[in-house]
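Visitor: For reference, the chains in residue letters:
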Amino acid sequence: MPIVTDSGFVFADETDALLSLDAMLSGGGDPAGGLEIANDTDPRDLVPHFEAVGLIAVTFPNFADGRGFSLARRLRALGYKGRLRAKGHVISDQYPMARACGFDEVEIDETLAARQPEQHWLAVATRSGHALQARA
Amino acid sequence: MYRYDEFDDRFVRERVASFRSQVERRLSGALTEDEFKPLRLQNGLYLQLHAYMLRVAIPYGTLNSPQMLQLAMIAERWDKGYGHFTTRQNIQFNWPKLQDVPAILEALADVGMHAIQTSGNCIRNVTADHFAGAAADEIEDPRPTAEILRQWSSGHPEFAFLPRKFKIAVTGSPNDRAVTKAHDIGLRMVRNAAGEPGYEVIVGGGLGRTPMIGKVIREFLPKADLLAYLESVLRVYNLYGRRDNKYKARIKILVHESKLETIRAEVEAEFERLMAEEAGPTRALSAAEVARIEAYFAPPAFDDLPDSDAGLEAALAADQDFRAWVKTNIVAHRQSGYRIVTVSIKPIGKAPGDASADQMRALADIAERYSLGELRVSHEQNIVLPHVRAADLPEVFACLQKADLATANIGLITDIIACPGMDYCALATARSIPVAQDIANHFNSPALAAEIGKLQIKISGCINACGHHHVGHIGILGLEKGGIESYQITLGGDATETTAIGERAGPGFAYDEVVPAVRRLVDAYLALRTDANETFLQTYRRLGAAPFKAALYPADIGGSGSGAGGGWPKAKAGPSLSASAQVQQAAHSQYVFYHF
Numbered sequence: 001m002p003i004v005t006d007s008g009f010v011f012a013d014e015t016d017a018l019l020s021l022d023a024m025l026s027g028g029g030d031p032a033g034g035l036e037i038a039n040d041t042d043p044r045d046l047v048p049h050f051e052a053v054g055l056i057a058v059t060f061p062n063f064a065d066g067r068g069f070s071l072a073r074r075l076r077a078l079g080y081k082g083r084l085r086a087k088g089h090v091i092s093d094q095y096p097m098a099r100a101c102g103f104d105e106v107e108i109d110e111t112l113a114a115r116q117p118e119q120h121w122l123a124v125a126t127r128s129g130h131a132l133q134a135r136a
Numbered sequence: 137m138y139r140y141d142e143f144d145d146r147f148v149r150e151r152v153a154s155f156r157s158q159v160e161r162r163l164s165g166a167l168t169e170d171e172f173k174p175l176r177l178q179n180g181l182y183l184q185l186h187a188y189m190l191r192v193a194i195p196y197g198t199l200n201s202p203q204m205l206q207l208a209m210i211a212e213r214w215d216k217g218y219g220h221f222t223t224r225q226n227i228q229f230n231w232p233k234l235q236d237v238p239a240i241l242e243a244l245a246d247v248g249m250h251a252i253q254t255s256g257n258c259i260r261n262v263t264a265d266h267f268a269g270a271a272a273d274e275i276e277d278p279r280p281t282a283e284i285l286r287q288w289s290s291g292h293p294e295f296a297f298l299p300r301k302f303k304i305a306v307t308g309s310p311n312d313r314a315v316t317k318a319h320d321i322g323l324r325m326v327r328n329a330a331g332e333p334g335y336e337v338i339v340g341g342g343l344g345r346t347p348m349i350g351k352v353i354r355e356f357l358p359k360a361d362l363l364a365y366l367e368s369v370l371r372v373y374n375l376y377g378r379r380d381n382k383y384k385a386r387i388k389i390l391v392h393e394s395k396l397e398t399i400r401a402e403v404e405a406e407f408e409r410l411m412a413e414e415a416g417p418t419r420a421l422s423a424a425e426v427a428r429i430e431a432y433f434a435p436p437a438f439d440d441l442p443d444s445d446a447g448l449e450a451a452l453a454a455d456q457d458f459r460a461w462v463k464t465n466i467v468a469h470r471q472s473g474y475r476i477v478t479v480s481i482k483p484i485g486k487a488p489g490d491a492s493a494d495q496m497r498a499l500a501d502i503a504e505r506y507s508l509g510e511l512r513v514s515h516e517q518n519i520v521l522p523h524v525r526a527a528d529l530p531e532v533f534a535c536l537q538k539a540d541l542a543t544a545n546i547g548l549i550t551d552i553i554a555c556p557g558m559d560y561c562a563l564a565t566a567r568s569i570p571v572a573q574d575i576a577n578h579f580n581s582p583a584l585a586a587e588i589g590k591l592q593i594k595i596s597g598c599i600n601a602c603g604h605h606h607v608g609h610i611g612i613l614g615l616e617k618g619g620i621e622s623y624q625i626t627l628g629g630d631a632t633e634t635t636a637i638g639e640r641a642g643p644g645f646a647y648d649e650v651v652p653a654v655r656r657l658v659d660a661y662l663a664l665r666t667d668a669n670e671t672f673l674q675t676y677r678r679l680g681a682a683p684f685k686a687a688l689y690p691a692d693i694g695g696s697g698s699g700a701g702g703g704w705p706k707a708k709a710g711p712s713l714s715a716s717a718q719v720q721q722a723a724h725s726q727y728v729f730y731h732f
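First to last, the protein sequences are chains A and B.
Note that the first sequence ends on residue 136 in our numbering; no numbers are left out.
Note that the second sequence ends on residue 732 in our numbering; no numbers are left out.
Keep in mind that the hints were calculated from the coordinates and are not lab data.
As the structure is a computational prediction, the values presented were derived from the model and not from experiment.
The beta carbon of each residue, even a glycine, is placed where N, CA and C say it ideally should be.
Accuracy of the hints is not assured; some may be wrong.
Some chain B residues near chain A, calculated using beta-carbon distances under 10 angstroms [claimed, not checked]: (1) GLU171; (2) ARG213; (3) TYR376; (4) ALA663; (5) LEU664; (6) THR666.
Covered by chain B, per the in silico footprint, the following chain A stretches (three or more residues, Cβ under 8 angstroms) [unchecked claim]: (7) 21–35; (8) 107–114; (9) 118–126.
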């Protein structure tokens, strides 16, 4: 699965190792390899685990469901400093928004990557998602 | 008024470029139709019944003469020579071609305008009192707040994919002309006990299929905390608002189902976290930033004038039409010797809110010469000249007459709000513009309209209520039943600070029964009121719905399930009796006007 970063696509092999929230909370694995959470997760449950978690991936079931953006902001506001990934149906036009909300990267599937190749993401990677606020 | 700086300019130019790219990527298949749709909507482009429609943002309804001229140019070059001013203080072009849209957006950017977030599930164009900075009753100018919100909400990365659209309105006057209680968030500028400026924050109001009056979520919010608090409200809404049913997705439903106290606690907790963040994107508004924005809205260079003017008095004495126009279309200004002029975009029998390119140019020219270059769009779909010298009123009236813009009907029965309805809109279930035209034609006598006095009729062509029918003194909602238009009438709605949702009167009326039904309501009011000073709404509140329902559904002329009024005599246009004669007759007979 391609992972989109500011410098383009990266193909990592770690993506199968993400732990579910239930598995982590029941002590069923080491979250150092990464945790995958739904976009309706209460981030306050994760606070005690922030240090132990190597990566949090927030799933986007549909690009029009913007809960993941607010969840990312909440995780950052609660003090999560680790790697944060938006995973699923995120389109290239949303990349600057995801970055501005605190995500470090986006994971998309092969089909979406074929439809929206690397140059589409690079074209917007440097664009401010919110130029008017950049003034403040 | 606000002028774009380099940041604003770069932002809107980038948006034009990205929209061009989105159109190209839609054509290439990189974006699916589902993916393209919200991007298109967030750039103001709708697919309507017959064509695309471009909705251009007029932030808090404020524009200058060059901007109005550019709108006229766009109407002529890329549309059919007219535009439609909306209840959201925007303008819509009904016939642009898709391939022309990027060029139109460029033309808008050239005069510091855009179509960003005039649609879609995002924070929409912020609206405010159309008399801002001019109103005699104003506590504080709401425009700097509205501009700060425009900048904050435009392209906000977190709130572009909300459960549903989100509308914010601001007022700085105790007399609420911005309908703040019928918005997702309403802000009323107030002062606390210590005299410090801040906001009363109202949440969860709205019209549409589930009309609700907004509730106060925060009695007093210090000015500096505005963005952090609103960001907290939006975050709670984005996370918890319903996404399973688009008709239950507005924040009003969340507030209603979760209870205000729960939402308030969530918002306050989020607000505390935000304020504690060391360097989050939202900080307390700096005094310097507020001062920078406020400087744009410093009062213009008013002349020091006596409040009355001999020339004006002479014109008032000499010209009856002018006198009628001044009576209805002019209100007091905060500055001595100035008046606020409302130009009616409701000439009798025309589509409410439609203005031709020629009329837009005339308005731009009149504003340049007589209103310090400024214009406003009101949510009642009229144009305001905010700063006109009292002495100039006769000339302004003459110029407006030449442009067919001198209708003296502001606040009267023919000053009707109507959505585009079946004539344009893909969602509409019934016509609304023709209903407005029929009612205006029926009550086309200025003397009759003046006699009836303040009466707001608002018409929506579907349950989404763009015509604000819920808050009309008389509201008309066009629905479709078995392939036939059916119009429901609501009574007693109120769009001001004493907001009320109108009460449904009873069964619907067929299209050609609407005018007679309105007529019966009006006649009942004229017969029931204590005197000419008691308005329709006051009479309704004093007596309740019963006598009006009785007038709407009189037993002797049908009143079966499909409504009443069949075979009702059609009134001739233009009564021949004097207004005073009408008053006398009205006192005797409910149906007196049918004798004309």
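Visitor: Can you list which hints this structure breaks, lowest number first?
Guide: Violated hints: 2, 4, 5, 6, 7 and 8; rest satisfied.
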